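Order-wise, the sequence lines are chains F and R.
Here this note's numbering is used: position 90 in the first sequence is 90, and no number is missing along the way.
Here this note's numbering is used: position 189 in the second sequence is 189, and no number is missing along the way.
Partial list, derived from the structure: chain R residues whose beta carbon lies under 10 angstroms from chain F:
#, residue
1, Phe60
2, Ala124
3, Ile249
Just so you have them, the derived chain F footprint on chain R, three or more residues with Cβ under 8 angstroms:
#, region
4, 101 to 109
5, 114 to 120
6, 127 to 136
Since the hints were derived computationally from the structure, they do not count as laboratory data.
Note that this is a predicted model, so its numbers are computed, not measured.
Yeah, the Cβ is synthetic: ideal placement off N, Cα and C, and Gly gets one too.
Given next are the chains, with one letter for each unit.
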Amino acid sequence: MLQIFSSVMDGLLIGLVYGLAAIGLTLIFGVMDVVNLAHGSIIALGMFFLYLFFGAGLHPYLSLVPVAILGFFFGVIVYLIAVKRIISGPPLMSLLSTFSVSMIIIGIGTALWSTSPYNINFKVETYNILGYTVTSARLIAAVAAVLVTFGLYFFLYRTVLGKAVRAVANNREAAELMGIPSQQILAISFGIGTMLAMLSGALIATLFPFTILSGGVYELKSFVASVLGGLGNPTGALLGGIILGLIEGSVAPFIQISWTNVIEFVIFVLILLFFPTGLFGGRK
Amino acid sequence: MKALKSPFFWIIIAVSLLYAVYPKLGNNITLRETLVLSAIYVILATNLNLMIGYTGYVNFGSIVFFGLGGYLTLWLIGGYGWNLYAAVLFAGVVTSLLTLALGFGILRLRGAYFALATIGVNEAVKDFVSNFDKWGGSEGIFLPFSTYKSMGGAAHALWTVYYLIIGVMALSLLLSWFIKRSKFGLGLFAIREDEDAAIVLGVKAPVYKAIAYSVSAFLPAVAGGLYFFKNGSIVPEEAFNLHLSIESIVMVMLGGQGTVTGPWVGAFLYERLRGLLLTTPSLSNFHLVIAGVLLLLIILFAPGGLMGWLYKRWARVRGVLE
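Work out the full structure: start from the sequences and follow the hints.
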């Protein structure tokens, strides 16, 4: 019983980090209808940026700040080079252009760091709460994911810039007529989405070993989580991430770990088929 | 036969014959292996084009057909002693029927949603096969060497399989060309341009899309069976390699989507380029980067691909190379 409880708790904590990654994906889709296939490689890049700052002597959690800043500007640059020109084109174009960005990132990353695993080695406390053992890294990663999500909501609902982002997401033409510079807003949104992806990558790097190819797994998890919550809906994506984590946690004691992927993808396809707007209805 | 009068028909036949005869002349096995890969790329790209170029549905997980065909074939040959021809045909038909059933479901999704679902299907099948003990799980299936004895020894069997793969390539190109000129193809183009308008005008869009999806699965499944039979083994990572299905999209885009010649030329050029990058020591580390930059440049500046550019430059080319 206790084993199941701790497995579910572990799932919940990691699910919050999945949720953060999924918000990055879903925000970009919601604002500009672009499915960012570079998402996974950006997550991996976040892991390696953390590794670099950590290697330079910064504490992993302090390194999150420069990783976030780098992530934002990286996203803006990717938007300006690869997305801006084709944003009004058919979906194939944006899928392929973001995928080519992913190929470039993974290609450069492989040349720099090869595909062997890296990890962040720092002191981690272990707590025991009523027989449930949890590491500080897991707790802090989950708390950080929640804090970043709150920050995002504050930005989207309480600042002028955030309201402009929501306006552009709702109706780009109408927003432009109201005098909102939509190109800048789109670039900023892409930057924020990328920043969230990198942050989630950095948080995952504090928990598990990683390679430059690790992003792929989390990209697929982000797809599943954001589709669960309805593409384009940040709250849904966070809940989707939590559900995903809970599923992983609750089936882990009973079946082999390699079967969880099968379950996740079957759920993914079924949700797309029967609830294309997500479990929570959400706006299309 | 009207087709026999068209120069394009004879171009397809002539090039395929050249593929078949050329390596045999000097008994050049290295060249044969290069051409096998080239032909497989042409098969994948040409059939993928039926969905992307003709119907306007972006299938990101098309490699699932190739992998499933390979698995079914090796399982029937290795486990039940079927002969190669029966096994690949059966694999092709089963994959096609499964795809037809799947198509009626997931083709209700449009745009990015469909693309995501196809990725999901490929990953689900890959993870399932990796755990499926009957098919060897993550170890895959190996064919014993004795399998090739009934085909006159391994060396002879490899040539036979080579000719069969070239045959499938020719069939893919002919199929693509026939569909383009048929009423069915016209319906697909109408769906690509505006699905709702096409429905109003009487195109049975759900049926058309599902048939196109299913047809685009048949020859890649057969090719998968032949290819993995030639290798003698199959593992999930190789069979359902998502990367290869995206590389197929690059080939389609490179040559020009919606044309018959485009994916063909695109696949050929991509194979050459990939070979060049992988064998040049200073570039091999960066082959992914260069392929990525190339793809990005095509999308940003030449979305019509090579054929789009040719058609614009010399409009008369359109009459010969479809």
